[in-house]
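Q: Read off the chains here:
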Amino acid sequence: MSERYDYEQEDVGIHTTPVVIEPGHTFGTVTDKISSIVLRKRTPVAWWIGLALSFMLANMMFGTVVYLVLTGIGIWGNNQPVGWAFDIINFVWWIGIGHAGTLISAILLLLRQTWRTSINRFAEAMTLFAVACAGLFPLLHTGRPWLAYWLFPYPNTMGIQPQFRSPLMWDVFAVSTYATVSALFWYTGLIPDLATLRDRARSRFGQIVYGMASLGWRGSARHWARYEVVYLLLAGISTPLVLSVHTIVSFDFAIGIIPGWHTPIFPPYFVAGAIYAGFAMVLTLVIPLRKFYGLEDFITERHLRNSAKVMLATGLLVAYGYMCEAFVAWYSANTYEQFMMMNRFVGPYAFFYWLLIFCNVVAPQVIWIRRVRHSNIWLFVVAMFVNLGMWLERFIIIPVSLHRDFLPSSWGMYRPTIFDFTMFFGTIGFFFFLMFLFLRFLPVISIFEMRTMVPEAQIKEEEA
Amino acid sequence: MHIKDTFPELYQIRKRPVSIEGVRAKLQEKRGREYWQSLEELAGSEEFEELLHREFPQHAAEWDDSTDRRTFLKLMGASLALAGLAGCSYQPPESIVPYVRQPEDLVPGKALYFATAMPFTGGCAPLLVRSYMGRPIKVEGNDLHPASLGAADVFAQASILGLYDPDRSQNLINRGEVRTYSGFLGELLTALEGQRGKQGAGLRFLSETVTSPTVGALMRDIKRRWPGSQWYQWEPAGGNNGSLGVRQAAGGFATPVYNFAAADRVLSLDSNFLECGPGALRYARDLASRRRANDGDTREICRLYAVETTPTNTGFFADNRVALKPSQFAAYVRGLAAAVGASSPALAGGTATSDEQLNKIAADLKAHAGACLVIAGDEAAPEIHALAHAMNTALGSVGKTVTYVEPIEENPTDQLNDLRTLVGEIDAGAVDILVIIGGNPVYTTPADLKLDEARMKKVRLAAHLSPYDDETSELCHWHIPQTHFLEEWGDTRAFDGTVTIQQPLITPLYNGKSACELLAAFTDNPDRRGYDIVRQYWLTEGRAALLGGAAAAGASGLAIPGASGTTPSATAAPSSTPAQAGANGGGNPPLGGGAAAPTSNTATGSNGAAPSTGAATPDAAFERAWRRALNDGFVANSAKRPAGGGGAGAAPNAGAAQGATTTPPATAQPAAPAAAGAYEIVFRTDPSVHDGRFSNNGWLQELPKPLTKLTWDNVAIISPVTAEKLGVGMAPDGAVEAGGPRRVNRLNYKGGEVEAETLRLTYRGRVFPDKNNKMHEEMVVPVFILPGQPDDVVTVQLGYGRWRSGRVGGNLREGRRGFNAYDLRTSDAMWSGTGLGVEATGDSYNLACTQIHFRMEGREIVRAGTFAEWKRDPTLAPERERKKEPPQPAGENREPEGGETMYPPYDYSEHEEVGRRGYKWGMAIDVATCVGCNACVVACQAENNIPVVGKEQVSRSREMHWLRVDAYFRGATEGPDGVYFMPVPCQQCENAPCEAVCPVHATVHSAEGLNDMVYNRCVGTRYCSNNCPYKVRRFNFLLFQDWDTPSLKMMRNPEVSVRSRGVMEKCTYCVQRIEYAKMEAEKESRKVRDGEIKTACQATCPTEAIIFGDLNDPNSRVAKLHAQKRRYDLLADLNTRPRTAYLGSVRNPNEDIGTGGAGRGESGNNAHGEA
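Keeping their order, the protein sequence lines are chains U and F.
According to the working numbering, the stretch in the first sequence is residues 1 to 464, in order.
According to the working numbering, the stretch in the second sequence is residues 465 to 1635, in order.
Everything labelled a hint here was simulated from the structure, so no lab data went into it.
Just to be clear, a hint being listed does not mean it is correct.
What the hints assert, rightly or not - Computed far set for chain U versus chain F, every beta-carbon distance over 12 Å:
#1 Phe62
#2 Leu184
#3 Pro268
#4 Leu289
#5 Ala313
#6 Gln338
#7 Leu388
#8 His403
#9 Asp405
Stated by the list, open to error - Looking from chain F toward chain U, a few residues come up when the C-beta cut is under 7 Å (computed):
#10 Arg1420
#11 Arg1486
#12 Arg1525
Said to hold, decoys possible - Beyond 10 Å from chain F on every Cβ pair, some chain U residues (computed):
#13 Lys41
#14 Ala52
#15 Leu437
Since we're looking at a predicted model, the values are computed, not measured.
Where is the CB? At the ideal position from N, CA and C, for every residue including glycine.
Excised from the complex, chain U in its bound form:
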């Protein structure tokens, strides 16, 4: 490892080559470095601690789920005006987090943003796990989850199909398609690396498992050619999904007639919010990760900075969304819309609205400052604010819109119960549990793609 790259130079425009890998790496060092995380014998104690903690949290979720299925939705705080609360907030939040993965993998791939290479594998895994967490909620938020399969169109003796006018149906397709494509994309990208692990594994067990998973990858030119085509195709398929999934999730609300839901700005605003949340989560995870596993060479400060910039940009889009909501409420001269906005500003949940504004609009503005942008700690803090802010955004949209709608007589209040929190933090535990397993058993960074980043590869390309 050589001495650090001078970022100040890049900023003033002296250095123009995009640096996504620290100098001094060869094909061999890249492979060694990344595969050793998986293949080394000794498992770090910290990993065990992390896994145990997240496993405990995950079990809290499983316990809540058992109690929920046995007892009913009533263990949560949902009530009459507020039919959806933590359940759907968490669903949308997780789905939003899941967006960064595909965006990084697919769109940036198509846009030939090579800096994505270091973080795409990781972001895709994050997407998958986030979608897994998200998927739990639409299933479990139903009153009778054992009948939730009725939402799928399947041939049945009742002769009934789901109702395709319902945005919840669209959700079912959008999310399941997204989950499927994301999983395929992730797995396809993993195959060459799995082969590498197979070849390098010293234990017989590892050789067999990775061998099976790598589907007989030999690295032949034909393999590579097919791989490239498939990967590009999947990227092409994934790309519209990045936009469609959250658009369709936003339809759950935009199609509804509740003031605060019935807004045409929701689709773009939700997509921007999802990317915002996704990059915030990427930063949240990546900053400690690269530190802990010593991956600073591969996930460079440049990655963090780019993520921060994307975050800032999408954050501004989201802020524009908030402004639009307020403007339209005022401009529409619609009593209900105006009341909805005033209720957000000064109503019983005003604290959370202003906290949202602080977290999502005010706090990220510090990214404009270079020193902040270059401070990992600061970025981590900002990302945490955004994580919280994006959760609050859904809180404001869902229960706060519902709790006071058209008829004042049916207004009510919402307060979560302990089980709302055990379910929410439980899914966070579940997410991290899967994440820790992923870190230990699969290459966290795409090895073969990183190899294309080292100078040797660049030179050869230029020579060719």
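Start from chain U and add chain F according to the hints.
A: Okay, now just chain F, sitting in the frame of chain U:
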């Protein structure tokens, strides 16, 4: 064959054989459905008792030596087989015939209707009860009966739950032990023997107000037999003040009967006549008939003034409301009486005042002399009643709007005096035997005349007949379970004296005794069944009335005697449609018993019963009249005749009054105590549990109280100003939030939960709650701020704080519910008193409310205007809309034009036969006549098997009522001049937002326009509820239904599915009734007739504010209401196009005067209660 030969094993394991003779004797003594597993149980033998109380029954303990497993199983089989001997029918025992022949009309799955009545505080609710296979499951009002006309109140609607209440007393209890009735009779006869020498001088009866002729006859019989005995009556919240008021005015007891249909001006003096009292249903119907502003009818609607001390439904329904402190009340009324020129001794000291408002009311009344009505409430002091009668006389109302009939009570009396005498006698040790028939005097007596433990101990033998083993039962030697009114024979009188013979619909579930049966024990012929007693009475004493009524049937006697012949056109109420006029005769239907009943009443009351032998034998004429009376639900022409023997004009007049009473009774004026506090206290019955008798009824406990929307608790109601003074009800940051009704204490973030501060009340030397008093220390008095309450007045409700009620009503073991206001009540200040000290404790208490916001926030939810405004613009459209050209009153529900909607409109023609239009169900709800009585809510609950969820769930906003009655305050905050009541069921939208979002087709549009709910298909995403702008959908967040309690299983309506958890449910216009009527119509190859289907809420509505029918039929009542100009759709701008339309509220305030507090806070174009 002897049983020993059949089951020799039975004898091996017994110490003593069971005497078959004994069993037979027991069997004869018992009636009805008896479950018994073995002969020992039936015989009540000691062995069986042992079996009950030992963990292992006898033969199990001796398992090894004598009885092997095989034998044991054989024995079990035998006892099960024997259990079958008890029979399987719920028919009344008098008509039990084994199913040798199929009983007539009893078709499995088909409902039968029986007419009966629910006796209630000096009157009755005439009912028509629906029964499936012997199980009564729903009550409706008896539409032939003048006191009901089809309506029923909340208590009658909820009585079904009372019948099946698993907490009802199931055993006769003697000093804590379960005993038999014969055991009681034995001890009673011994005690009576001791009375023989002194002619029963130590025998006392204490009953509630009795209007039953049979009970009256029995009491007279008892009096003949035991001349020394005394019969007292005590009702904590009855019409005692009214009786005394009439006596004060007229010199004797009489019952005033009012005819609101003939009144142009009504003055209510602290009277909640629309909701309380025996005549409430009829009065509400009649008043409503004069409150509808119909298109093309320019006759001025009736104007209602209310002068009251604490807000009531009637007061907030009134056009002009004056709120007064109790201490100011009498003077104000005296001033009013003087101003209208009344003369009464009660007027002493009352002179014309310079109160401008008062004089204007008086002038308005005088201007309508002859078409006025002044009514005083049960809670008003007797002198107020006397003044009201004097005012009626002065205004020429007597004979027109008010008629005085002979008292409907069997033994009219001053009940407070009765109680005082009884307590005096008990203290003096003069009472040997005290028989308490119904009621719960230990709980309900005022604090200074408390029948407490010390007093009850002085009685040598106390017996209590009551449906629950309650506070009084605990202190009596004997508790005898009382039959529910649906289980017993009896009779009772309605507000005008019309008699209903009660017939049972089910065999007593728990072997209770009726009042008649218990009282018979004191007569010469002690062992008689209720049926025989009642029939005997009508065969002998009542025969003339019964036959006379039948003979005169068709002679068209009018329900309200005062209206007979004297008001030629006043009764022609402006009914909305001809259909109504046809059904109701414009408000006063003839009592012609011979008229063909349009209902499906079936004469089965005396179905095949052999009449018992008696002194008189029934002849054919009697039998006919008896059956007629049972079938119709009342004895024709049995209404009481006008008092004084004269015609309609016989009424108390001032002269008689002056001669009769010279000194007002002691109760007239609350004695001013050594004033301890500056506040005044007002006692009121609770709108849900009344005086506490319904405290174990979950439907009523969870019924939102009309003005506060509070459930499960009682509160201390104070005004916003008083709250500020006491420093309670602040917003969390300490600031007093502006805007009155918005500030209903502090809201907690849970749902309908209100965090209420609590008070400490000091009154007449009692502190409440009191740490030193065991019974008071746990009590909390939560505050509820209600605009319209007079300042410095605290209103508390009776009926809570029970310490020995059931699991619902609270008790000492499982925790009490609410606080006991009876502990503050004294006999000299029964309904209000001064000298109350109030301080905030600083603690708080959680209340569960179903509505926490009472303002419309400037939204067009209730369209309202005054009568003058309505005449100018019958659409009552707000200014904004009126500017639009042309006004589209009924056009809001128009078909969408092309491009206006994403989804094509539903094509109804697809489902219709060629050339034949289908049905288009719709509903119209008249906000102008809804008085917020809640009867529809309970009716809906009973009809549709809606569960009770409990206080915790209500506080989380998860109540399940499909139909709610919203209340919106109007006018200024500190002195609102009214409340709009607005029943909101599912609106059955044409463009239903719920339908489009359900992912599984669980809520779908029917070919007749209903938004059907398919419970089986629902997976519970709750999206439909979120997207419903009316929020009328209800979700089973938990398993709210009680699936286990056996008695509740019998209660459910078999026509409606019982929903489990995780399923959304909602109103579907009682689709089961629609389908039933359609099937009936199809059988006869015709269309469903208008009025043939009544939804549960419509059927019970006293004011006919809810009308349902076919909108495709232009002549249907509902179609005509939909075409009314004041019709509007709720949230019409959302383009949901609801099938339920509302009719705007038209009130007729006297614009010259303000209200009690602030002035009227609204003007014409701001008629929505908003500032």
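Q: Once the shortest beta carbon distance from Arg1486 of chain F to chain U is found, is it less than 7 Å?
A: Constraint on Arg1486 of chain F satisfied, holds at 4 Å.
Q: Examine each Cβ of chain F, and state whether all of them lie more than 12 Å from the Cβ of Leu289 of chain U.
A: holds (37 Å)
Q: Non-interface claim for Gln338 of chain U: all C-beta distances to chain F beyond 12 Å?
A: violated (10 Å)
Q: Beyond 10 Å from every Cβ of chain F: is that where the Cβ of Leu437 of chain U lies?
A: The assertion about Leu437 of chain U holds, with a minimum of 32 Å to chain F.
Q: Taking the minimum C-beta separation from Pro268 of chain U to chain F, is that value above 12 Å?
A: Non-interface label on Pro268 of chain U holds, nearest chain F Cβ at 20 Å vs cutoff 12 Å.
Q: Per the stated criterion, does the least C-beta distance between Ala313 of chain U and chain F lie above 12 Å, as a non-interface residue requires?
A: Since the minimum Cβ distance to chain F is about 32 Å, Ala313 of chain U lies beyond 12 Å and the statement holds.
Q: With a cut-off of 7 Å on the beta carbons, see whether Arg1525 of chain F makes it to chain U.
A: holds (5 Å)
Q: So Lys41 of chain U supposedly isn't at the interface. Is its beta-carbon more than 10 Å from every beta-carbon in chain F?
A: holds (49 Å)
Q: Against chain F, does Asp405 of chain U hold up as non-interface, every C-beta pair farther apart than 12 Å?
A: Violated, because the least Cβ-Cβ distance between Asp405 of chain U and chain F comes to about 6 Å, which does not exceed 12 Å.
Q: In terms of Cβ atoms, is chain F entirely out of 12 Å range of Leu184 of chain U?
A: Answer for Leu184 of chain U: holds, closest chain F Cβ roughly 26 Å.
Q: Classify the label on Leu388 of chain U as holds or violated, using whether its beta-carbon is more than 12 Å from each beta-carbon of chain F.
A: holds (19 Å)
Q: Beyond 12 Å from every Cβ of chain F: is that where the Cβ of Phe62 of chain U lies?
A: Fine: 20 Å to the nearest Cβ keeps Phe62 of chain U off the interface.
In terms of the numbered hints stated before, the structure departs from hints 6, 8, 9, listed from lowest to highest.
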